[in-house]
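Asker: Build out the structure end to end from the sequences listed, making use of the hints.
Chains as they are written, first to last, in this note's numbering: chain F, 1 to 363; chain Y, 364 to 726.
Since the hints were derived computationally from the structure, they do not count as laboratory data. Every residue gets a Cβ at the ideal spot worked out from N, C-alpha and C, and that includes glycine. Do not take every clue at face value.
As the list claims (entries may be wrong) - Pairwise CB distance ranges (calculated):
1. F/305 with Y/427: 35 to 45 Å
2. F/25 with Y/518: 48 to 58 Å
3. F/357 with Y/656: 14 to 24 Å
4. Y/518 with F/68: 55 to 65 Å
5. Y/656 with F/308: 22 to 32 Å
6. F/25 with Y/668: 21 to 31 Å
7. Y/512 with F/155: 54 to 64 Å
8. Y/419 with F/308: 52 to 62 Å
There are 2 protein chains.
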Amino acid sequence: MARAPTRIAILAGGSGTRFWPAGRASKPKQLLALDGDDKRPLLRATVDRVKPLSRRPPLIVAPAKFKRALTKLLPELPADAFLWEPEPRNTCAAVALAAHAAQAAGHDGPLVVVPADHHVAPLKDYRAALRSMAERARVFDGIVTLGLEPDHAATGYGYLERGVKLADAAAGPIHSVRRFIEKPSRRRAQGMLKRGGFLWNGGTFAFRPSVFLSQLDQHQADIGWPLARAFQRYGGKAFTAALRRAYDGMPSISIDYAVMEKSRSVEVLASDITWDDLGSWDAVARRRTADEDGNRLRGDVSVIASKDCLVDAESGHVALLGVKGLVVVRRGDTVLVARRGHGEEVRKVVQRLKDEGREDLLR
Amino acid sequence: MARAPTRIAILAGGSGTRFWPAGRASKPKQLLALDGDDKRPLLRATVDRVKPLSRRPPLIVAPAKFKRALTKLLPELPADAFLWEPEPRNTCAAVALAAHAAQAAGHDGPLVVVPADHHVAPLKDYRAALRSMAERARVFDGIVTLGLEPDHAATGYGYLERGVKLADAAAGPIHSVRRFIEKPSRRRAQGMLKRGGFLWNGGTFAFRPSVFLSQLDQHQADIGWPLARAFQRYGGKAFTAALRRAYDGMPSISIDYAVMEKSRSVEVLASDITWDDLGSWDAVARRRTADEDGNRLRGDVSVIASKDCLVDAESGHVALLGVKGLVVVRRGDTVLVARRGHGEEVRKVVQRLKDEGREDLLR
Chain F
1 MARAPTRIAI LAGGSGTRFW PAGRASKPKQ LLALDGDDKR PLLRATVDRV
51 KPLSRRPPLI VAPAKFKRAL TKLLPELPAD AFLWEPEPRN TCAAVALAAH
101 AAQAAGHDGP LVVVPADHHV APLKDYRAAL RSMAERARVF DGIVTLGLEP
151 DHAATGYGYL ERGVKLADAA AGPIHSVRRF IEKPSRRRAQ GMLKRGGFLW
201 NGGTFAFRPS VFLSQLDQHQ ADIGWPLARA FQRYGGKAFT AALRRAYDGM
251 PSISIDYAVM EKSRSVEVLA SDITWDDLGS WDAVARRRTA DEDGNRLRGD
301 VSVIASKDCL VDAESGHVAL LGVKGLVVVR RGDTVLVARR GHGEEVRKVV
351 QRLKDEGRED LLR
Chain Y
364 MARAPTRIAI LAGGSGTRFW PAGRASKPKQ LLALDGDDKR PLLRATVDRV
414 KPLSRRPPLI VAPAKFKRAL TKLLPELPAD AFLWEPEPRN TCAAVALAAH
464 AAQAAGHDGP LVVVPADHHV APLKDYRAAL RSMAERARVF DGIVTLGLEP
514 DHAATGYGYL ERGVKLADAA AGPIHSVRRF IEKPSRRRAQ GMLKRGGFLW
564 NGGTFAFRPS VFLSQLDQHQ ADIGWPLARA FQRYGGKAFT AALRRAYDGM
614 PSISIDYAVM EKSRSVEVLA SDITWDDLGS WDAVARRRTA DEDGNRLRGD
664 VSVIASKDCL VDAESGHVAL LGVKGLVVVR RGDTVLVARR GHGEEVRKVV
714 QRLKDEGRED LLR
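Answerer: Structure follows, in structure tokens:
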């Protein structure tokens, strides 16, 4: 019997809240070009990146409202590569949707689930890591997750503590997982870095669909079962409506909470690739090439006596004079002027605008 | 014989270089609303301010290229109130033009010449000062200038040192002038403030046209004579062309250099009104009312955790997040983000754009 091939699923949900005004309701993070000097939208780059890993097109799990934008962005993919979520329901539902779709298509080889909006480098090592995860998932009746060796005491990432070493894969050692740790305080992050044995949680998984769906039944049946019922209609006209009904009553919960933290069958591949979840303008700034004054400029920008600024202007002209450490983002008629290091708080601006009924600035 | 009435002339030349991007080639400073919370363009406010001082309309000396904008701004003024300069030639030519026009109209009462773009308060005291200057000019065969009692060691203004007291006018004492001092260093400004006897040079003059023109003949005949010849055509069709010929060969020089510093017939009225030449965005910021966080906001602005910022946005939305002490000015497609205290350097931005051939951003 031939080995079942590997498939890739890409999670392309999420909003662009932290990237306002570039990110908006109509322009979520995965449609923005935020990875270093790469001008491609993140999702486009991700699809290109995983292409060598599978002969089958990747499954794209994405909000139905972006159907037009995404099919335009990824014209080479067949219609059945897209899994349109009627409503956002966080990552557990999205991963489950991919697992069901793979299974419904008769696939029970390894499914590797990757986020659409992260930075990884070098490419070769990243692909090797995904390959090692897939190979492990082929023989392991559980979920293999990607852990990144931390190189600083990041407070913006989740962590996991590795347990005993179980195997040496081509791309790194595979360990059991002792526990998951949510975004830590600065102090705790420094402690973990010093002590060692902790990895960043890369939000990337490999499993056989049947294995994952059985774990889901065990830990979060209110997602597994409604989807199973909807997939009885898969491939038919009634599927869209069936999926909407399934989503209607489903909880919105992350895969970490729903499955990973509860399951006893989780392993981690420890990788030393460079990884960044590009969680804010601050992260984006770090990845772009700086000029000699530490400025990262995109668009029509004049700079006088200014340092360490990120400017991202899609239109118009931005002039900086005597300023340091600012993030200036311009989209359409809107300009954000923020201090670097306040990237997380861009959400507050968006919340304020929502509270003030300024939908015109958020669409 | 009835007393010759007072006339007012307003100098409305100058560029908006320091107020880019609000100030541009097509929008000089006197057409901008820069005086505190007043929404009127500076020239409009100045015309309104001097109205009670004279029954005759004020003479407006302004660049010919702004004919359309200015006649629209000041619809109540008759055509002969405007003196259109074919080219900018600094203040000496502008004052001389006003003096010639007044004389040609048969006027030899006091002419009070005021800039179009300063802040003065309170209004009542300002008008009283101009009245006292005019009354002094009625009997004094020289030039009366306005001196302001300094309340801080300003480095952005010219100064003059007063000499002996000659009279007590209604609005303040009148002194002889010992010398004029250009914009000083911080140290020198502090020395003058401490020592006393120094006044800010308010760029405001009163004289009888015949007296001024005789001084001009003495000190700067290459401005006085060509204008005298042009004014032989005054009131006729050929005047515009004659004025252009006169301006062609005329030096571009300030009235301070050309006449005031050389003349032995200069007196100063020492006034304690509040005065500001609104020389930069920093000055503009000081005059606008601040909210409780020290922000001065004009336009559609969101502010989160930000202090002491000036925002002036004619269109679009500006969001501030975690920033302090910035000047953010938006006009059309252009945004300036500058640190407060760098107002003088806005010129550098404009110069850079000129050097780069970016006329599109300067028109």
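Asker: Check each numbered hint against the structure and report the violated ones by number, ascending.
Answerer: Violated: none.
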